[in-house]
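J.: Residue-level listing of the chains:
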Amino acid sequence: MRRTPEPYLWLLFSGGGVVAALVLPVLVLLFGVLMPLGILDWPAPEHLAALLDSVLVRLALVVVVVLCLFHAAHRIRFTSEELLDLARFDLPIALLCYGGAIAGTIVAVRLMF
Amino acid sequence: MIDVLIVGGGGAGLRAAIAVAETDPALKVAVVSKVYPMRSHTVSAEGGAAGVIGLGDTLDEHCYDTISGGDWLCDQDAVEAFVAEAPEELIQLEHWGCPWSRESDGRVAVRPFGGMKKMRTWYAADKTGFHLLHTLFQTTLKYQDIIRYDEWYVTKLVVDDGRVHGVVAVELRTGRIETIPARTVILATGGCGKVFPFTTNAAIKTGDGMALAYREGAPLKDMEFVQYHPTGLPFTGILITEAARAEGGWLINKDGYRYLQDYDLGTPTPTPKLRSMELGPRDRLSQAFVHEQHKGRTVDTPYGPVVYLDLRHLGEGKIDARIPFVRELCRSYQNLDPATDLIPVRPVVHYMMGGVHTDIDGATPITGLYAAGETACVSINGANRLGSNSLPEILVFGRRAGIAAAEFARSHRGAEAVVVRSQGEDERRRLERAREGSSRGERIADLREQMQHTLEGAAGIYRAGDVLAKAVDTLAELRERSQEVRVEDTSTAFNTELISLQELHIMLEIAQTIVACALNRQESRGAHQRTDFTARDDDAYLAHSLVHRAPDGTPSVGLLPVTITRWPPGERVYGRD
Amino acid sequence: MKAGDTSDYRPPRDNLWFARTRNYTIFVLRELTSVFVAWAIVYLLMLIGAVLGGSLPEFAALAAGPWMVAVNVVTLAATAYHSVTFLNLAPKATVVRLDGYRLPGWMIQGGNHSLWLVISAVIAFFVLRGFR
Amino acid sequence: MTDTEAVRQEAGARTIRVEVARFRPGEDAEPVFQGYDVPLMTDWAVLDGLNYIKDQLDGSLSYRWSCRMGVCGSCGMTVNGEPRLTCGTFLNEYGDGPVRIEPLKGFPVIRDLVVDIDDFLTKLSSVRPWLIREGEEPPLTAEYAQTPAQLEAYKQYSMCINCLLCYSACPIYVLDPDFLGPAAIALAQRYNLDSRDMGDRFDVLNLEDAVWGCAFVGECTEVCPKHVDPAEAIQRYKLTAALRSVLPWSKK
Ligand SMILES: Cc1cc2nc3c(=O)[nH]c(=O)nc-3n(C[C@H](O)[C@H](O)[C@H](O)COP(=O)(O)OP(=O)(O)OC[C@H]3O[C@@H](n4cnc5c(N)ncnc54)[C@H](O)[C@@H]3O)c2cc1C
Ligand code: SF4
Ligand code: F3S
Ligand code: FES
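In order, the protein sequences belong to chains V, F, Y and X.
Note that the first sequence covers residues 1344 to 1456 in the working numbering.
Note that the second sequence covers residues 501 to 1077 in the working numbering.
Note that the third sequence covers residues 8 to 139 in the working numbering.
Note that the fourth sequence covers residues 27 to 278 in the working numbering.
Worth flagging that the hints you see were computed from the coordinates, not collected in a lab.
In this text, a Cβ means the ideal position worked out from N, Cα and C, and glycines have one as well.
Misleading hints may appear alongside valid ones.
Claimed, not checked - So these bits of chain Y aren't anywhere near chain X, every CB distance computed over 10 angstroms:
#	residue
1	Ala87
2	Tyr88
3	Ile115
4	Leu135
Claimed, not checked - Within a straight-line C-alpha distance of at most 30 angstroms, the following computed BS3-like cross-link-like pairs (lysine-lysine) qualify:
#	chain 1	residue 1	chain 2	residue 2
5	F	Lys773	F	Lys795
6	X	Lys181	F	Lys818
7	F	Lys754	F	Lys795
8	F	Lys528	F	Lys617
9	F	Lys773	F	Lys528
10	X	Lys181	F	Lys642
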């Protein structure tokens, strides 16, 4: 039987979709909108650093980053092919998208560990 | 060279194809169908399929119901074979995956049906034919050797010296006209409801197989027996299945009165009683409607007089569980909800009891030619078919015809006859000429309409000798006029007008046989009710009508004795114990 | 069984297919939220970098830039849209049966959305206050 | 009086403009629209309008139909841009018109409103849409037991009438006809979820052009006249296939 990586990619995509749905809006709301606009004060750097001190938090963040990036990579791969009629370039596009996700993962790990 | 060529991809045709493939995988079997098989009209059957499964039921009782339902015009040996094999066929369908409705313990469920003394009608909600056909079709996909000619229209049987040699067919898509040589041919082309203006039948039910056989000299049998179903939607003729009454629906007239009690069909009970009232046979129910109409107790609508089918007391829950399609159809096509509204209904042409004369194995008098399904007349339906007997019939006799044809093909491996080519050539030239088009003459649709109205007027629920005699002339004249009609489509690709033209000629011939048989039968029996001969006359007419095509193209009617085995003719009793 | 007739008409690719119906457009918009999901992650990584590198004030200044705020407002809308659509569609893949009775989609959806609210609240709580 | 005269009388002067895409191979390079005025009868389906055209105005128009009751699946066309069963879509839904009738999108056009659906039949066969059993055939004396709940588990997917509206509505299929597509997958699931079935269709479903080709646009489900919900069937199989890939011991 021909093996295909799609089921694994789909699991990452779905997991990422769920995680992104659950955590991203609130993070963007806080750090991307309310704080920069001054509606909320930025927390003290020490407070945030203390949060990041916990291995659990850092691990969780890495998981969030990996899954969300794979989610985005998967969708960007298909959407670009459908919108721009690029299906015949699936392989390079896939490499680019998932490659980007992996790169982001590496950055996250290096940053936090 | 094809061993078994099946014309028709409905229930009967597909069942035959599987039977051949299973009997001898070495045989080449092909299914030719004018529509994709899963579009065949079997798909529309709603209510169910009868087969004895115990529960205090016996084969003999099913036989008796069928024979008395058919007003003793059934061949009883055929009925016995049918009743005995029907349960196996329905189980076979189950083993192939048919989603029959179930009891809570996992056994198949059965429901009551008109004219049946016991509950023995298997059903798949109210889409029985749909599930049956798709199960059969999908099962045939397993047999990859079955050759399919989808959307090929057969215009002629090649017959020489009393033996069939193949067919001539048009491939709709390309317009290619081919002669397909075959050792045996099984006709499974379904009924001919389209001969009438108001019918439950689909557009494709034009009686092709009957005419193909008839033109080559095979007789048609019992063509005067046309079944009116008592409950069709007034404008479209869409069927509201008998299952609606089996589940407890009532027929009421404009006064809200369950009028069937006035017609010797029993007394009203709140829950359905077998072989009584709304569960009487279709011929009697449709006749009762006509009497109500004469008494002025029907309701006039733009689409003719109606009575009402009342399902409101069943409640939404039961309607959705047992007859959801009825609700869907009422909503889409009648803009009403049977859970809260009365359904207007009127009798509608539904089923052809008659057809190509065959023996119990589907063999016709033409050697190598078989017929099965609604297009055939094995004579299990007699003068009136019971609801839910037709689906098992197409299975039982589809299989039987398949096996018989396979057997014949194996033992008669003759060479291709020269006549095949020359007959094929003639037919091709004829069709090509038709395709050249013509700007003179009348429209196909106009002639068709006139034929339909002639039939409705003369060969409806009640018939009269003088009207029938006049219809003979009208039809002859219409046939004359149909020789030159307007044909606008001259292209080869998917030329449906060419097909409509063939169908018109076919229907006119079928219409003639119906009228001729009806005129000849001077008695009233089952679905054939003569106003000038109101009684059943067993001395003269306990016999099948057998109609041949005379050399001048007109029908010539004779009689053939009925086979009686164990059930001597008696009175048909409904609603009285 | 076909004559190899090649005269069929094959419609050309419709390059504006996503604009043909409202639903297609909605679908494409839904898929495009993924770009903003990716951006949100990049932004988050920048923030983490700033916290760990001790340059949070500089990051705050960058984040307050009008362009940045504009992008993030759109990102907020996109991720919220993503959440709604994704959590609504999730029950399609998972058919939950209790006693042979199929749990209706809206129940699962309701559960998903409640979970979303709870998690958002927990995150906000830790970010803004935490247990001191 | 014939039906046709009755029709004209009842509709009076009210007509509706019907614009029909015509394509005659060899004559037309691409479809062209031809307009007809059809009596606007209150109860008429779009299909009745087409039949009126064919019977009374232009016998050369080609289209498929048969049951006129929404169950044979042959009359699917694009009506004002949407894939519809023309026998179940009514003229008066379109007010004063015009109504534009085109062949189903996504398929090669053979003639006028008739499209080539052989591709679907090949795909349907490929998913082995029949009940697969192991071991000997049991005698025809008893049915396999199946409780109403077990029936319910696949029933919805067995309601497909092969009308192909879902294919026409799925942009993925229209862009890439190699995609196995909604109805074929739903029918595979119809057997996968049947308690009597012992088959395995992983090899044909777990492919890039099979379930993984679906981007969950969901339009297939929107247009399905029989509420089959192919989108759901596909997403469910994605989950099944994914779990099977990571947990090789998990079945079905
Ligand atoms: C609305 C409705 C409901 C019904 N409900 C029930 C019910 O509940 N229970 C029951 O027992 N019976 C029922 N019946 C009756 C039963 O459905 C039919 O009698 C039966 O399905 C006929 O099957 P068939 O295989 O003989 O023909 P069909 O299914 O009609 O098939 C005919 C086939 O022949 C092909 N064909 C025809 N002419 C040509 C040609 N010239 N060239 C090539 N191919 C051709 C067609 O393409 C088609 O494939 C119902 C009938 C109707 C109309
Ligand atoms: S899934 Fe629905 S839309 Fe698709 S072919 Fe089947 S019935 Fe038609
Ligand atoms: S529309 Fe197409 S992309 Fe999937 S959900 Fe339906 S098959
Ligand atoms: S004509 Fe059969 S589905 Fe419309």
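J.: Against this structure, judge whether each hint is valid.
T.: Now for the hints, and whether the structure bears them out:
| no. | hint | in the structure |
| --- | --- | --- |
| 1 | Ala87 | holds, 19 angstroms |
| 2 | Tyr88 | holds, 15 angstroms |
| 3 | Ile115 | holds, 12 angstroms |
| 4 | Leu135 | holds, 36 angstroms |
| 5 | F:Lys773 with F:Lys795 | holds, 26 angstroms |
| 6 | X:Lys181 with F:Lys818 | holds, 17 angstroms |
| 7 | F:Lys754 with F:Lys795 | holds, 11 angstroms |
| 8 | F:Lys528 with F:Lys617 | violated, 43 angstroms |
| 9 | F:Lys773 with F:Lys528 | violated, 49 angstroms |
| 10 | X:Lys181 with F:Lys642 | holds, 21 angstroms |
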